[in-house]
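Chemist: Now that you have both chains on their own, put them together as the hints suggest.
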Amino acid sequence: MSYSKPEFKEKYHNFINGKFVPPIGGEYFENRSPIDNSLIAKYPRSQKEDVELALDAANAAKEAWGNTSATERATLLNKVADIIEANLEEFALVETCDNGKPIRETLNADIPLAVDHWRYFAACIRSEEGGATELDQNTLSMNIKEPLGVVGQIIPWNFPLLMLSWKMPPALVTGNCVVLKPAEQTPSSATLLMEKIADVFPPGVVNIIHGFGPEAGKPLASSSRVDKVAFTGETTTGQLIMQYASKNLNPVTMELGGKSPNVFFNSVMDEDDAYLDKAIEGAVLFAFNQGEVCTCPSRLLVQEDIYDAFMERVVARTKAIIQDNPYDVNTMVGAQASNDQYEKIQSYFKIGKEEGAKVLTGGAANKLSGDLANGFYIQPTILEGHNKMRVFQEEIFGPVLCVTKFKDEAEAIEIANDTLYGLGAGVWTRDAHQLYQIPRAIKAGRVWVNCYHAYPAHAPFGGYKKSGFGRENHVMMLNYYRQTKNMLISYDKNKLGFF
Amino acid sequence: MKRVEITEAAAKIVRQLQEAHGELIFHQSGGCCDGSSPMIFPEGELYLDESDILLGTIGDVNFYMNKDQFEYWRHTHLTVDITEGRGASFSLEIPLGLRFIIHSRLFTEAEGKAFNKL
Numbered sequence: 001m002s003y004s005k006p007e008f009k010e011k012y013h014n015f016i017n018g019k020f021v022p023p024i025g026g027e028y029f030e031n032r033s034p035i036d037n038s039l040i041a042k043y044p045r046s047q048k049e050d051v052e053l054a055l056d057a058a059n060a061a062k063e064a065w066g067n068t069s070a071t072e073r074a075t076l077l078n079k080v081a082d083i084i085e086a087n088l089e090e091f092a093l094v095e096t097c098d099n100g101k102p103i104r105e106t107l108n109a110d111i112p113l114a115v116d117h118w119r120y121f122a123a124c125i126r127s128e129e130g131g132a133t134e135l136d137q138n139t140l141s142m143n144i145k146e147p148l149g150v151v152g153q154i155i156p157w158n159f160p161l162l163m164l165s166w167k168m169p170p171a172l173v174t175g176n177c178v179v180l181k182p183a184e185q186t187p188s189s190a191t192l193l194m195e196k197i198a199d200v201f202p203p204g205v206v207n208i209i210h211g212f213g214p215e216a217g218k219p220l221a222s223s224s225r226v227d228k229v230a231f232t233g234e235t236t237t238g239q240l241i242m243q244y245a246s247k248n249l250n251p252v253t254m255e256l257g258g259k260s261p262n263v264f265f266n267s268v269m270d271e272d273d274a275y276l277d278k279a280i281e282g283a284v285l286f287a288f289n290q291g292e293v294c295t296c297p298s299r300l301l302v303q304e305d306i307y308d309a310f311m312e313r314v315v316a317r318t319k320a321i322i323q324d325n326p327y328d329v330n331t332m333v334g335a336q337a338s339n340d341q342y343e344k345i346q347s348y349f350k351i352g353k354e355e356g357a358k359v360l361t362g363g364a365a366n367k368l369s370g371d372l373a374n375g376f377y378i379q380p381t382i383l384e385g386h387n388k389m390r391v392f393q394e395e396i397f398g399p400v401l402c403v404t405k406f407k408d409e410a411e412a413i414e415i416a417n418d419t420l421y422g423l424g425a426g427v428w429t430r431d432a433h434q435l436y437q438i439p440r441a442i443k444a445g446r447v448w449v450n451c452y453h454a455y456p457a458h459a460p461f462g463g464y465k466k467s468g469f470g471r472e473n474h475v476m477m478l479n480y481y482r483q484t485k486n487m488l489i490s491y492d493k494n495k496l497g498f499f
Numbered sequence: 001m002k003r004v005e006i007t008e009a010a011a012k013i014v015r016q017l018q019e020a021h022g023e024l025i026f027h028q029s030g031g032c033c034d035g036s037s038p039m040i041f042p043e044g045e046l047y048l049d050e051s052d053i054l055l056g057t058i059g060d061v062n063f064y065m066n067k068d069q070f071e072y073w074r075h076t077h078l079t080v081d082i083t084e085g086r087g088a089s090f091s092l093e094i095p096l097g098l099r100f101i102i103h104s105r106l107f108t109e110a111e112g113k114a115f116n117k118l
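Protein chains in written order, with the numbering used here: chain R, 1 to 499; chain W, 1 to 118.
For reference, chain W alone in the conformation it holds in the complex (with noise of 0.2 Å):
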């Protein structure tokens, strides 16, 4: 079980950016215009510390999102996929004209009690 999953599709859009930028890391964006997204960063590039929540790994990369946001998430199961798309964010999908995105769906009971304790 599993807060956070990735689609074949995305992961292997994965593995090609790993292999060109090495260890990488997800953080979950918020805000306008390209936030509400999830975003791929070089690790160490983006500066994280204990109001960053580790949701879990995919792949082998690990999955953040702020805590404050986290709060309004919580009770809901991620799967990260791919899309076509341009975005003006940092993120290192993007020069590829692809865009990592975010399906959501409520846990299921067995999961809710699972993970309430996060």
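Bound conformation, chain R alone (with noise of 0.2 Å):
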């Protein structure tokens, strides 16, 4: 089965104040598709004047938004919840249009989590409880959580409604407004959730704003008017955005990406089971999403012994791989997300090669015929080398594995540590020991036991070292939109007798 190009307007707008408002200026971007390079849509090139209408909008309706009740705030997240998964199929469409991910995945995993954290997060503030201590006979130590105002998210290109979907509601339930950018990549269906929520926030509680980032994303993150920053992206910006909110004195969660290890140890092969089959398309998630993702297990460690029977298997699976028209449902991989993408990743595989890499499978462009032709698409590649070389090092943010061996434990440790990020890694092992003590030893905020590339909401995911700080889902997602408000209550009715 085949679906086609959405249906799309010529233009579309800024949301603000609960409306849909044209920039200021009157300028467009023109929003392509990376599966044929075709026109979607125009969209706003705001500026400064644009973002300060969306905090005036978000600034005055602060106050009441934060005011209304947990039960109320739960309830229309879980409005928007019902009102994606009603309309899945156009969503995940618009989704695949937009990002040249394959329909099956925006089907399949993109929309129905979106759905779920929306769902998770409403659930989440109702089963709370705030905390009351006893400090002594007359003395009550209360905490009371407030909402931090206006939060400003900056959300990436490559799961853009479910990042979208992991920033916003636990901003939205915890009482703020929300000044969003979706990335200028992908701007489709932040605006098409818009369309179908327009009428369920109070206006100003939710504001989505399109542009580029230093015309429209630095006046967000710089503005003093935002009370927290949401980040994901690349380690340069990050830094800028902390730049920024120092002279705000605000705080940040920052997710900057990583060069996650895969650990596959020879117990692994010690039966050629169900467990074995898992674990090899465990190795070949790396493909998953067209590489991009910000745990992409890109890294992949073998141990020595079973590496060249397990390598078989990965490259005969790999080689398996489906790449062709992304709105085909038997399609697994598609298109990278833009054509810089697309040369970034070549580039690699020239710097690769040239530093002693040996390709295993891929390492090159696929040209698909037709309208394809036009879009970006990469093939699905193995590099074996060692964890020096710079495509060992760097995000390639494309399909593309890099393969070394190790000897024992500490090897599996040295080199799944030796990079400069932390977000994910994966470990893979029949012995129970290895099963809890490898994943300890690694320094990394998501490490998946014998599976990988599980996102569930109840899970809290960020990173250590240069991948950031702060996490994302999970209840205590809700304290990082939140202020403690202490209230410290005498019951007694006695002076001090100082005074």
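Just so you know, these hints were derived from the structure itself, not from any lab. Do not rely on the hints blindly, as some may be mistaken.
Listed next, the in silico DSBU-like pairs over lysine-lysine satisfying Cα-Cα at most 35 Å (straight line) [to be verified]: (1) 113(W) to 493(R); (2) 113(W) to 218(R); (3) 405(R) to 12(W); (4) 367(R) to 9(R); (5) 5(R) to 113(W); (6) 495(R) to 405(R); (7) 443(R) to 319(R); (8) 48(R) to 2(W); (9) 42(R) to 113(W); (10) 493(R) to 465(R); (11) 113(W) to 407(R); (12) 388(R) to 145(R); (13) 113(W) to 48(R).
Modeler: Here it is, written out as structure tokens:
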């Protein structure tokens, strides 16, 4: 079964104060589909004045919204979840068109997961209790959680609606107003969401600003009228946003990517069973979402005594990947999100080969036929080398796996941790001791054990080292969008006696 | 001999950005999404200190990289080029529908000797 490109309007607008508003300067940019480089629609090229309008609306709405009941806010989040779910196929198609990822992913992963995150945070706030402690017979310490106010959120293009659904629900459900800037490569699903939920929240609570980083992202991130900035992206922009936040003494959360190791110990091959089959798939998950995942398991570490046998199966499974029209439900790997990513990945093939990496499969662009010839397709690729090579150290953000071997546990840990980043990792073993000890020794915020690429709303996600700080998902996320008001209450009728 | 160079097409864009924004610097980013790309900012925009290495000057624009990242890049020669694309960073060329991109190659033996001491 195959879908086709969805219909779009000629142009779209920002969503500010409950309405669609054209950019003040009247400028738009063209958004193209990486599937065939065809025009999708025009989106606002917003400037500082547009951001200020959104901040006016959010600041005007924050008092009333912050005082709504948790019940009311949770109900609205659930309404959003129901609306996305009722239009799942439409969202999936728009997402595939905008990002280039295969429709089977958007239908089965991106959009259903997005729905679940709205529901999860609605549930969190309803089941939560505050804290009250009797410090002594007459003194009660009460902790009340209060919203921060207005939150600026800047999200990436690899999972557009899902990243919005990671960031927006916890901010909203805790009583904050949001101004969110989608990535300029993928503005469509956020816009579709605003069309569908335009009347759900009071005006000003949810605002979407489109545009370019230096023109719209910077005014949002540096504004003294936001109380927090949450960012997913890369290190240099992360540093800039922290600089701006330091001027405003604002909190930030940063999710800045990684170069995640996926470690396979020899016991995975003790049996040729369902578990081994799962492990092989676990190694091939590097190609999931065209490798455009912050936690892409892009470094494969295999114990030397199983290396040849294991890699034979990994290479065979990789060669079996179907890369074709992303609208076809059988397609497993689609297009890279933009031309510059496509070019960047190819430049890594070049330096990888120069450094002596051996190409086990792939290693080049994939020229598809017809309209798809204009799209940005890269063959799923496996490079064999060592961990000091640049392809092992930099986030390529493509379907590119770099594989190396290790002798023993100590060497596995050493290689796994020899990276600037620490976002994700995978550990695969049948050994009960390794199952616990190796994940504990790897410096990363999320270690998948005998699995990979699961992103449940109920598990915290975030980085160590240069992968950033702060966590997303999980109930703990609520406190990243709140302050603690401590009320210290005396029930003692007697004075202190000092004065 | 230089660690980092720039193509004529990229240099032309740099000059265009200089006219609009004044003095500029390049900083090589790491990490996800738009990472692993050179970014260009007005001088003074990005806080730089001894943890940033000055790899060289292209045109009259300084090119920096974080020291930790440089450790993994030090054996390679870099060329800044420009390509069509959209990035989500704050780099100044993005509104032009263009992205700076890095091409790398291994140092020649002579370059390796010359740059070893850095």
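Chemist: Any hints from earlier that this structure breaks? Give me their numbers in increasing order, please.
Modeler: Of the numbered hints, 1, 2, 3, 5, 6, 8, 9, 10, 12, 13 do not hold.
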